[in-house]
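K.L.:
Top line first, the protein sequences correspond to chains A and B.
Quick note on the UniProt record's numbering: the first sequence kicks off at 1 and runs consecutively.
Quick note on the UniProt record's numbering: the second sequence kicks off at 1 and runs consecutively.
Hints were generated in silico from the structure; no laboratory data involved.
A few of these clues could be false.
Said to hold, decoys possible - Computed footprint of chain A on chain B; a stretch qualifies when at least three of its residues, placed anywhere within it, have a C-beta under 8 Å from a C-beta of chain A:
| hint | region |
| --- | --- |
| 1 | 30-38 |
| 2 | 59-68 |
| 3 | 108-122 |
| 4 | 130-141 |
| 5 | 157-165 |
Said to hold, decoys possible - Quick partial rundown of chain B residues pointing at chain A, CB under 7 Å, derived from the structure:
| hint | residue |
| --- | --- |
| 6 | 11 |
| 7 | 13 |
| 8 | 42 |
| 9 | 46 |
| 10 | 52 |
| 11 | 126 |
| 12 | 146 |
| 13 | 169 |
| 14 | 181 |
| 15 | 208 |
| 16 | 212 |
| 17 | 213 |
| 18 | 216 |
| 19 | 217 |
All C-beta atoms in this analysis are idealised placements derived from N, C-alpha and C, irrespective of residue type, glycine included.
2 protein chains.
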Amino acid sequence: MTDPRPATDPLPVNDRTRHRRLADQGSLDRADLDAILDAGFVCHLGVVIEGRPVVVPTVYGRDGRRLYFHGSVASRSLTGGAPVCVTVTHVDGLVLARSVFEHGVNYRSAMIHGVPHKVTDPEEKLAGLRCLTEHATPGQWSYARLPNRKELAATTLLALSLEEASVKIRTGPPDDADGPDAELPVWAGTLPLTSTWGTPVSDPALPPGTPAPEHVARREGTGQG
Amino acid sequence: MTDPRPATDPLPVNDRTRHRRLADQGSLDRADLDAILDAGFVCHLGVVIEGRPVVVPTVYGRDGRRLYFHGSVASRSLTGGAPVCVTVTHVDGLVLARSVFEHGVNYRSAMIHGVPHKVTDPEEKLAGLRCLTEHATPGQWSYARLPNRKELAATTLLALSLEEASVKIRTGPPDDADGPDAELPVWAGTLPLTSTWGTPVSDPALPPGTPAPEHVARREGTGQG
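Pulled out of the complex, with its shape left as it was, chain A reads as follows (with noise of 0.2 Å):
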């Protein structure tokens, strides 16, 4: 039998991206970074302003080894040229352990470290907001208008690198079988948490009974995350 999965490279290690804590639950397998980035659309992105973190939601996109995210170019956070955080994370439930100590969170996380750079050329610009267009809305960038040239001008689209990553994942019930507290008579395991996209909501404003695109309609029902 051959391993079924595609074959990918670890991911690197050094000294921010080793995992210190709980490295029971890190990965260095490149395709758990991709699976999580595609999992989700919204990222923590992490800058340090005047030497003080902040750390601001916004949205991204993946192409191969490259994650795209955009804002305002009135953006503090999105200057590029400086060191950055993203992370994604899904949580996956409650680790209901039978002790308080051993409680804890299913998840799955991913954090990249590096330094950004702004998208100036206009057609990798135009590729890359497709990018992240098409990683939240699968089929919407050849359906709503793209930008014209006043738009682009006013986004700013950074990209980062994803050499420098670090993956962590936990899955599965509590760690205290196998101790004395196994012996407590206290219901012990997890709470699933899932996020599930709904019914699409029409804008008041369009003509009474225009419908949703297949691309966004189907997606109805199905998970995120």
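Fit chain B to the given chain A structure using the hints.
P.N.:
Below, chain B alone, put in the same frame as chain A:
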């Protein structure tokens, strides 16, 4: 008619909390801050380590105007005494506009700035851990085994004042119904995203048939976030 909302003072504004971008999405209502924090249990904690940002997902609990979070005493991001930025975000759906430029996300987000302090007083530590536990799983503190002295010593508990906070909320349809794009034959609206608690999954190590306690089981099917 009196205002049905609880009387609260507005959130103070300074250079860090002023809404620079998308100011119409900003809220200075402390009740909004409390509601966003109470609707979640995982935050993104930003710290500066060796001059670079690090953003770590971690659980938190709110007790009045104080946020607690915890971790291992060995954690590099939980030292206390250094500035942090704690961000809690609920993603409520995609905003699909007529033009790509107007696409966005409906969300509720709170960003708290401050310098947390390490809680060392044993009684306050126990109260903080109780807050953390009850915040994520109401009813669990009086059900599971409480931390013993050794476990308390192995836990770092940080407390952060909620004085310096910034809240942003976006709801409703896209913003491009009043421009020339409204004439386009393009559907516009939102695709809601909801988080729901699932069926409790018992630890396979439990005696078969052990039921989940009522305070856990009753959450099945209810929303989170």
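K.L.:
Are the hints correct? Go through all of them and say.
P.N.:
The hints, checked one at a time:
1. Residues of the region 30-38 of chain B with a Cβ under 8 Å from some Cβ of chain A number 0, which does not satisfy the need for three, so the listed coverage is violated.
2. With 1 residues carrying a beta carbon less than 8 Å from a beta carbon of chain A, the region 59-68 of chain B misses the three-residue requirement, and the given coverage is violated.
3. Given a C-beta distance limit of less than 8 Å, the hint that chain A covers the region 108-122 of chain B holds, as 3 residues qualify and 3 suffice.
4. Counting residues of the region 130-141 of chain B whose beta carbon lies closer than 8 Å to any beta carbon of chain A gives 5, which reaches the threshold of three, so the coverage claim holds.
5. Here's how the region 157-165 of chain B fares: 0 of its residues keep a CB closer than 8 Å to some CB of chain A, so the rule of at least three is not met and the hint is violated.
6. Taken as an interface hint, residue 11/B does not check out: its beta carbon lies about 17 Å from the nearest beta carbon of chain A, beyond 7 Å.
7. Against a cut-off of 7 Å between C-beta atoms, the interface hint on residue 13/B is violated, since the closest Cβ of chain A lies about 16 Å away.
8. For the restraint placing residue 42/B at the interface with chain A, the shortest Cβ-Cβ distance is roughly 5 Å, inside the 7 Å limit, so the hint holds.
9. For residue 46/B, the shortest C-beta to C-beta distance to chain A is roughly 4 Å, which falls under 7 Å, so the interface hint holds.
10. For the restraint placing residue 52/B at the interface with chain A, the shortest Cβ-Cβ distance is roughly 4 Å, inside the 7 Å limit, so the hint holds.
11. Taking 7 Å as the C-beta contact cut-off toward chain A, the hint placing residue 126/B at the interface is violated, the least distance being around 10 Å.
12. A hinted interface residue such as residue 146/B counts as satisfied when its beta carbon comes closer than 7 Å to some beta carbon of chain A; here the least separation is about 6 Å, so the hint holds.
13. The interface hint given for residue 169/B is broken, as the beta carbon of that residue sits about 12 Å from the closest beta carbon of chain A, more than 7 Å.
14. For residue 181/B, the interface hint holds, the least distance from its beta-carbon to any beta-carbon of chain A being 6 Å, beneath 7 Å.
15. Look at residue 208/B: its Cβ only gets to about 12 Å from chain A, farther than 7 Å, so that hint breaks.
16. Restraint check, residue 212/B versus chain A: the minimum CB separation of about 5 Å is within 7 Å; hint holds.
17. Taking 7 Å as the C-beta cut-off, the interface hint given for residue 213/B holds, the closest approach to chain A being about 6 Å.
18. Taken as an interface hint, residue 216/B checks out: its beta carbon lies about 6 Å from the nearest beta carbon of chain A, inside 7 Å.
19. A distance limit of 7 Å between C-beta atoms decides the matter here; for residue 217/B the minimum to chain A is near 9 Å, and the interface restraint is violated.
When held up to the earlier numbered hints, the structure conflicts with 1, 2, 5, 6, 7, 11, 13, 15 and 19 and fits the remainder.
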